[in-house]
Amino acid sequence: MPRWGMAIDLDKCTACQACVVACQVENNVPFVEEGEYRRMRSMSWMKIITETEGSFPDARMRFMPRPCMQCDNPPCTRVCPVHATYLNPEGIVAQIYPRCIGCRFCIAACPYTVKYFNWYAYHDRVPAELQQGDNPDVSSRPRGVVEKCTFCHHRLMKAKDKAAAEERALQPGDYIPACVETCPSSAMYFGDLSDPASQVAQLASSPRAFRLMEDLGTKPKVVYLAERKLYG
Amino acid sequence: MARTLRLPMESSDRPLENQSPWVLRAQLTVLIGFSVFAGLVVLWISRLIYISWMLEDVFSASIGIALVAVPVFLFLLAMVNYVFWGLRRGRQDAGH
Amino acid sequence: MADGDWRKEDDAILLEPIFSTGWRFYATVAVLGALVLWGIVSYVVQYQQGLGVTGMNYPVSWAFYIVNFVFFIGISHAGTLISAILRLSQAEWRRPITRIAEVITVLVLGIGGMNILIDLGRADRIPYLFYYGRYQSPLLWDATSVTAYLTASSVYLYVPMIPDIAVLRDRCTRGWRGFLYQVLALGWEGTAAQHRVLNRAVAILAVLVVPVAVSVHTVVSFVFSMTLQPMWHSTIFGPYFVVGAIFSGTAALLVAMAILRKIFHLEDYLQPIHFNFLGLLMLVMVLLWTYFTFAEYLTTYYGNEPSEMRVFFSKFTGKYAPYFWAMVVFNLVIPFPILAWNRTRTIAGTVVASISIIIGMWLERFIIIIPTLANPRLRQYAQGSYLPSIVEIGIMVGCFALFGLLYVLFSKLFPIVSISEVREGREKTVEIVQERLARYKPGLGKLPQGP
Chain A
1 MPRWGMAIDL DKCTACQACV VACQVENNVP FVEEGEYRRM RSMSWMKIIT
51 ETEGSFPDAR MRFMPRPCMQ CDNPPCTRVC PVHATYLNPE GIVAQIYPRC
101 IGCRFCIAAC PYTVKYFNWY AYHDRVPAEL QQGDNPDVSS RPRGVVEKCT
151 FCHHRLMKAK DKAAAEERAL QPGDYIPACV ETCPSSAMYF GDLSDPASQV
201 AQLASSPRAF RLMEDLGTKP KVVYLAERKL YG
Chain B
1 MARTLRLPME SSDRPLENQS PWVLRAQLTV LIGFSVFAGL VVLWISRLIY
51 ISWMLEDVFS ASIGIALVAV PVFLFLLAMV NYVFWGLRRG RQDAGH
Chain C
1 MADGDWRKED DAILLEPIFS TGWRFYATVA VLGALVLWGI VSYVVQYQQG
51 LGVTGMNYPV SWAFYIVNFV FFIGISHAGT LISAILRLSQ AEWRRPITRI
101 AEVITVLVLG IGGMNILIDL GRADRIPYLF YYGRYQSPLL WDATSVTAYL
151 TASSVYLYVP MIPDIAVLRD RCTRGWRGFL YQVLALGWEG TAAQHRVLNR
201 AVAILAVLVV PVAVSVHTVV SFVFSMTLQP MWHSTIFGPY FVVGAIFSGT
251 AALLVAMAIL RKIFHLEDYL QPIHFNFLGL LMLVMVLLWT YFTFAEYLTT
301 YYGNEPSEMR VFFSKFTGKY APYFWAMVVF NLVIPFPILA WNRTRTIAGT
351 VVASISIIIG MWLERFIIII PTLANPRLRQ YAQGSYLPSI VEIGIMVGCF
401 ALFGLLYVLF SKLFPIVSIS EVREGREKTV EIVQERLARY KPGLGKLPQG
451 P
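Protein chains in written order, with our numbering: chain A, 1 to 232; chain B, 1 to 96; chain C, 1 to 451.
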């Protein structure tokens, strides 16, 4: 059973936010109106977290792309009352939109705050012309349900179908999330963490590798490679 | 000069045979309703145990909670029955 | 005795609200009904448009509804404490108070549970809790224990009420009310056998209700403490919430007692001594609550863990400081001197202290929930913020009004002071207490002989 993970090289990341846009387009993540944005309700499954170190003229911006960590010990699935979010056998923390009752317990439990809630039926409020560009492989979420990054799980289903149709096994590179595919500086790597030969698995054991808030015991499967400057 | 407290409910000048049969029917309906409610709760908890077993999802938590919750409801059901039937049996004109 | 003779009863004043209805009743029902209607309209708006009509956002995704849920469930400990614990400890002064407390419990449990359902993004999917529930989730523990407590406290309200309903049945035989009383009185005649059944049932229920009540507020606290969020993931939450619940419940009971005493002229039954004793109980709870709060915050401060300290300072000196310090004032600074000093522990004094405590405990729920959500571990939101919208305020007002309305309707149908218990007290208290005194030390219980 593959365990899908991601590695992000912070040296190569330019914070261009192509991954954010790609994710939004690929997954029909609705954008919200300005009023809702000001009320702090915008949704972005992939987000660039920024931190400023020091002050002018020695200020330094550090940033890291933050998808869902797809934890192997997810605090969010534990608290869902209706099994609407669960860890599937391939390591992806999946959401079942038709089952979610909108209690938002998983949002409260996630230490990385990667989960988003449809306060209104945002998808239906997107102008019709833009809705035409929806990805037909991804269901749009109604109001009142929680959503988050799924490592473009629909692409995995399509890749599996394709491989089955062609009567071959799933090859590395068949399945790649939109953000990883789009990254212009190739800062993101994706693959099977349980396959020791895969690039992601090898990067995950690099001395530069770290995971966010690892000490909480969530076992996140998104690995960051620290900027080399830290190593002099 | 103590006032005698004549508590009307202790006198037997109010025979209960005068009551319409609908009274008993209503009481039994409520009692059955309560039993159905308790039964539904037990059914609900059992279903949750079943699902957690089928989905291989923390079966032990379901069993643990059920071991505490189900006895509470069954006990309350027993208590309501005890009061209902006990009061009927304890009537002055008992024999009904 | 025929209908209409209720005035010849010894405790006629307790039956007056049931048998005579004045314009004040209709006015109260009209006002409360209007407020409930406002709440219902607010909810309909929310149901149709989505939770976006509230003030919730990222990262504060839980707000007023959850605060009110915890607050109302907290008040439900009024019934348990007074009714069950005082009954078990055979405190004679509980007699006029038990019914008042038990009704509060049943009503606020229902309203508290309703608040959680109001908070759901997809209320049309509530049945999923029954089809697809997972017992690993604290919300399911909540659902189960609140249901258990609601059932247990309803039974515990009803069973001791049977003799009182029999009194009403004998006074009122016409119409739907006569029928209702006949049905509910279960053929009570006051025979010795029936008394035995009832006393045994009440005694056993009193023992059962206490652990169920403790479990309810403990699992409510587990909703927060089972997550990994800063200043939520604390082992103190279980006992802290239970203590807070008993605290706010006693205060709510006291306010209810004062209001009922005024409007139903119950001065003979609810004497200053009842308020005095409850005031002393509340004093103990003030100190206990302060102790728990102090332990919680000192531990956090000493540990100096970065994400927890952000939440801590947000409460102490930051955005939520006004609410935090208001909570301390309302929960400690105002009630403590009033309740500690004999001269101020009067009816008026204890009512002032209780109102202050109710406000303070609501603020405590707010302070526990919102600042932690507003300061997530990952600092991408810098500092979250939250302001309630008119919908949330409408629903909150509607909930309080619904409580008041149902309480008023209850007191219209059933005696709000337990007549049979008061009468039993009148007959037997002296005897009971004398016998008890004799057991403390031989010779103590004997009354002095003659002049």
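These are calculated hints, taken from the structure and not from any lab test.
Just so you know, even glycine gets a beta-carbon here, dropped at the ideal spot from N, CA and C.
It is possible that some hints are incorrect.
[Said to hold, decoys possible] Just the calculated beta-carbon pair ranges, DEER-fashion: (1) B:Leu74 / A:Glu34: 51 to 61 angstroms; (2) A:Met61 / B:Ser46: 52 to 62 angstroms; (3) A:Asn88 / B:Ser35: 53 to 63 angstroms; (4) A:Glu34 / C:Trp176: 49 to 59 angstroms; (5) B:Phe75 / A:Ala226: 56 to 66 angstroms; (6) C:Trp176 / A:Tyr37: 50 to 60 angstroms; (7) C:Leu298 / A:Pro196: 16 to 26 angstroms; (8) A:Pro196 / C:Tyr291: 50 to 60 angstroms; (9) A:Gln131 / C:Tyr291: 28 to 38 angstroms; (10) B:Trp85 / C:Pro211: 22 to 32 angstroms; (11) A:Leu130 / B:Ser46: 29 to 39 angstroms; (12) C:Ala91 / B:Trp85: 24 to 34 angstroms; (13) C:Pro127 / B:Pro71: 19 to 29 angstroms; (14) A:Asp161 / B:Pro71: 43 to 53 angstroms.
[Stated by the list, open to error] Some chain C residues judged to face chain A by a derived CB distance under 10 angstroms, without partners named: (15) Asp11; (16) Thr147; (17) Leu228.
Going down the list of hints, with the structure as the test:
For the pair B:Leu74 and A:Glu34, the beta carbons lie near 57 angstroms from each other, so the given range of 51 to 61 angstroms is met. At roughly 57 angstroms, the beta-carbon separation of A:Met61 and B:Ser46 lies within the given 52 to 62 angstroms, and the hint holds. At about 41 angstroms, the beta-carbon gap between A:Asn88 and B:Ser35 misses the expected band of 53 to 63 angstroms. For the pair A:Glu34 and C:Trp176, the supplied restraint of 49 to 59 angstroms holds, since their beta-carbon distance comes to about 57 angstroms.
At about 59 angstroms, the CB distance of B:Phe75 to A:Ala226 agrees with the hint of 56 to 66 angstroms. The given range of 50 to 60 angstroms is respected by C:Trp176 and A:Tyr37, whose C-beta atoms sit roughly 56 angstroms from each other. A hinted range of 16 to 26 angstroms for the beta carbons of C:Leu298 and A:Pro196 is inconsistent with their spacing of about 49 angstroms. The supplied range of 50 to 60 angstroms is met by A:Pro196 and C:Tyr291, whose beta-carbon atoms lie about 55 angstroms from each other.
At about 58 angstroms, the CB distance of A:Gln131 to C:Tyr291 disagrees with the hint of 28 to 38 angstroms. Between B:Trp85 and C:Pro211 the beta carbon distance is about 26 angstroms. The supplied range of 22 to 32 angstroms therefore holds. Range check, A:Leu130 to B:Ser46: about 48 angstroms between beta-carbon atoms, so the 29 to 39 angstroms window is missed. With their beta carbons about 31 angstroms apart, C:Ala91 and B:Trp85 fall inside the hinted range of 24 to 34 angstroms.
Take C:Pro127 and B:Pro71: their Cβ atoms lie about 25 angstroms apart, and the range 19 to 29 angstroms holds. A beta carbon spacing of about 50 angstroms between A:Asp161 and B:Pro71 agrees with the range 43 to 53 angstroms that was offered as a hint. Checking C:Asp11 against chain A by beta carbon gives a least distance of about 47 angstroms; that is not within 10 angstroms, so the hint is violated. With a cut of 10 angstroms, the hint placing C:Thr147 at the interface with chain A is violated, because the nearest CB-to-CB distance is about 14 angstroms.
Taken as an interface hint, C:Leu228 checks out: its beta carbon lies about 5 angstroms from the nearest beta carbon of chain A, inside 10 angstroms.
Checked against the numbered hints given earlier, this structure breaks hints 3, 7, 9, 11, 15 and 16; the rest are met.
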